[in-house]
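These are the residues of each chain, in order.
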Amino acid sequence: MNRLSDLEQFFLIKFPHDFDVCWAGPNPLQTGFCFGSTDGKLLFEDAEGGRSDPRTGTDSKEAINGVARTGTWLGVSTREDVTFHPLEGPPGYATAPYGAHGITATADGYFIAPLGRNGIMAAPTPVDHGAKLKAYSADQAGLYAYRLTILGSQIGAQVIACAARQGGIVAGEFAAGRQSMGLKIATQPGFDAIDICPLEPGTESRAVVALGRDGRISFFQDVLENKKPIMMKFQNVQGVAYRILSSHGDIYLLTSKGLFVLGELAGRFLRKELTGGINTPVRMSLLEAVDANLVDNRWLLVVMPGTVARYDLEVIHQQVLDHLGDAEIQESQMMDGSAPEWEWRDVPAKQLALAR
Amino acid sequence: MFTHKHHGGDGDGQWLETLTEEDEFAVFDWADDREISDEAGNLYGALQMGVDSLHDLGTYREQIAKFWNQPDGLPWHGFPVWSINQEGPGNRRRNPPPKVIFNKMVEAGLIKRAKANRLKGGHHI
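Protein sequence lines correspond, in order, to chains B and V. FYI, in the numbering used here the residues of the first sequence are 1 to 356. FYI, in the numbering used here the residues of the second sequence are 1 to 125.
Pulled out of the complex, with its shape left as it was, chain B reads as follows (with noise of 0.2 Å):
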């Protein structure tokens, strides 16, 4: 019998034998869904659903973790390369032989993906062969480029806001063209920080969750100035710590055992609404899932083994908000007031040029 708290709604999107699917977002050419394969191939669908033949997302074959679009460009991401097509002109395409943990774009024509050791990789488009990539880091033991996100929407005016495992949660202003980037370290020891994402995307707002792979989760109201963060853990989130997205105030956790919407979290935080006595709704779908995003601030794709669950998030807020008196899915988060400080630090980035 399901619960309450079971999330039951949900859409099952099914690919042919041959797409072995690993990665779902937004489609960059339209309104709709991209899927990648683990073979390095793209399908996109549109809003109604019709699908292109799967085309090559990269020659290297590897797996698809990210897709991104700027201007009349499309990067595209894998453990083994980034692979920049142009959308128009001559037919031909770029690659950078650097791994990425995932790819996302500005609003002034760069590609902005996590490289690990690398650093965080900055391409300006367009990306032809002879084109200098730049990577920032800084000389930090523990400091690894594993999932970021841009804040802000103005061009020259967004902040890159990445989380860095063991070196934490790593943010700075990132303006097209300046050669350096100074960077601000947050670190607490033993937060192995592998994803954050922003609680109110598409505004100016800094305000920004990070993830630990333990499943604490960490709110900073503003990721360049925020001294104390608020961290808390729930019980009933299961599993090694995935991703988190936010949408509509809810917040979104994957993990090794399934999908948990702690529901108005989010919004609760924003409100400064957050303090002991307030209980938070958890709701959850037990699943073994690969990847997840959000499209459209309407849409959660959670991506599964030869099959995409399509969630709409404003049912799910929606059933949130008609529940969010009852006792039987309430869960009390754990402040985590004993948690040690998080340490704070400037750092000047080192760029590397990544040559080809």
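A portion of the hints provided could be inaccurate.
As a list, the in silico DSS-like pairs of lysine-lysine whose alpha-carbon atoms are at most 25 Å apart [to be verified]:
1) V:K99 / B:K14
2) B:K41 / V:K104
3) V:K99 / B:K61
4) B:K228 / B:K184
Derived by calculation from the structure, the hints in this document are not laboratory data.
With chain B held as given, fit chain V onto it using these hints.
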């Protein structure tokens, strides 16, 4: 063989200091017993953490270790490998495990397909 080259440093292929010599041998046995090897005969090992995860092995949270194929009679030695290609200026090539390794882990019942697909994407499990 326990080598100093991959212990106590900060860079490529450094074992976590909290891992014992016994742990490292267990990583090798994990690979050797199930023949988790690439085309060149190099072995790839890990340490299970519960039913659906792997322990960290390296100082940069690497979860897979590689053991070079050695001629008969010579001791094997291994080191944690990066999850993504970490080539950089002036660096030697630093390849992550090939995909066939993860497929073999699934076939041997060591990990499930969802975990293999995460590892193929360079993610942790």
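Verification of the hints:
| no. | hint | verdict |
| --- | --- | --- |
| 1 | V:K99 / B:K14 | holds, 23 Å |
| 2 | B:K41 / V:K104 | holds, 22 Å |
| 3 | V:K99 / B:K61 | holds, 10 Å |
| 4 | B:K228 / B:K184 | holds, 14 Å |
Of the hints listed earlier, there is not a single one the structure fails to meet.
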